[in-house]
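> Sequence:
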Amino acid sequence: MKKLKLLVVLVGFLCLFTGYVAAAPADESDVAAAVDKLTQAMLHKDIAQLETLTADNLTYGHSSGNIQDKKAFISDIETGKSAFKELKMLNQKITLSGDVAMVRHHFSAQAISKEKGIVPTEIENFQIWQKQDGKWLLIGRQAFRF
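For the sequence shown, UniProt numbering begins at 1 and goes up steadily by one.
FYI, nobody ran anything at the bench for these hints, they're computed from the structure. The C-beta atom is built at its ideal place from N, Cα and C for all residues, glycine as well. Keep in mind that a hint or two might mislead.
To be verified - Per label pair, the in silico range of CB-to-CB distance:
1. T121 / A72: 13 to 23 Å
2. R145 / G117: 13 to 23 Å
3. E124 / K85: 34 to 44 Å
4. H62 / Q92: 29 to 39 Å
5. G117 / S97: 38 to 48 Å
6. Q110 / T79: 12 to 22 Å
7. Q40 / K71: 17 to 27 Å
As the list claims (entries may be wrong) - In silico EDC-like cross-links for lysine to aspartate or glutamate, where the CA-CA straight-line distance does not exceed 16 Å:
8. K131 / E28
9. K131 / D27
10. K131 / D56
11. K93 / D36
12. K45 / D99
13. K37 / E51
14. K135 / D27
15. K135 / D56
Take the sequences, apply the hints, and build the full model.
Written out as structure tokens, the structure reads:
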């Protein structure tokens, strides 16, 4: 009887552990997909997608030190103040912690400036995503020069 109880506990533990391991890669790929959707939305000025992918309490930090909320971030994309000819996120690393994902990557862009024309932009990015109501939303971003 003791052996049976031990076996049941062991099998239960293994099932729990296996479920956890299987869930982590799915969440990681979901976060990667959300980052890609955000990148494409910024590149193509897809305002509806930006609204969908960002949390209402977003804090968006630029490498210049400027900090924006969701409304200001989206407004800059919509008006063309932030515009891109090319935009890529390279060398991405995602770290999961419960319903939070921390994403680091290299932000490589050909930004479009009304005053300067095309401006090559190479900075590092740190994003924080949170799973809310089953969707990954950007809640924080900080860019920095290296």
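> So does R145 sit 13 to 23 Å from G117, Cβ to Cβ?
21 Å, holds
> Does the Cβ pair H62, Q92 satisfy 29 to 39 Å?
At 19 Å between Cβs, range violated.
> Confirm or reject the claim that E124 and K85 have a C-beta distance inside 34 to 44 Å.
20 Å, violated
> Can the restraint linking K131 and D56 be considered satisfied, given a maximum Cα separation of 16 Å?
Status holds; Cα separation ~13 Å.
> Does D36 lie within 16 Å of K93 when you go C-alpha to C-alpha?
13 Å, holds
> I want to verify a distance hint. Is the separation of the beta carbons of T121 and A72 within 13 to 23 Å?
Holds, since T121 and A72 (Cβ atoms, about 19 Å apart) stay within the stated range.
> When you take the CB atoms of G117 and S97, is the distance between them in 38 to 48 Å?
Since G117 and S97 have Cβ atoms about 41 Å apart, the given range 38 to 48 Å holds.
> Hey, K135 versus D27, does the alpha-carbon distance stay inside 16 Å?
10 Å, holds
> Regarding the pair K135 and D56, is the alpha-carbon distance no greater than 16 Å?
Holds, at roughly 13 Å.
> Tell me if the straight-line CA distance from K45 to D99 falls inside 16 Å.
The given pair, whose Cα atoms are some 28 Å apart, is violated under the 16 Å limit.
> Run the distance test for K37 versus E51: straight-line Cα separation, threshold 16 Å.
With Cα atoms ~12 Å apart, K37 and E51 stay inside 16 Å; holds.
> Given a hinted range of 12 to 22 Å, is it respected by the beta-carbon distance of Q110 and T79?
19 Å, holds
Violated hints for the displayed structure, listed by number in ascending order: 3, 4, 12.
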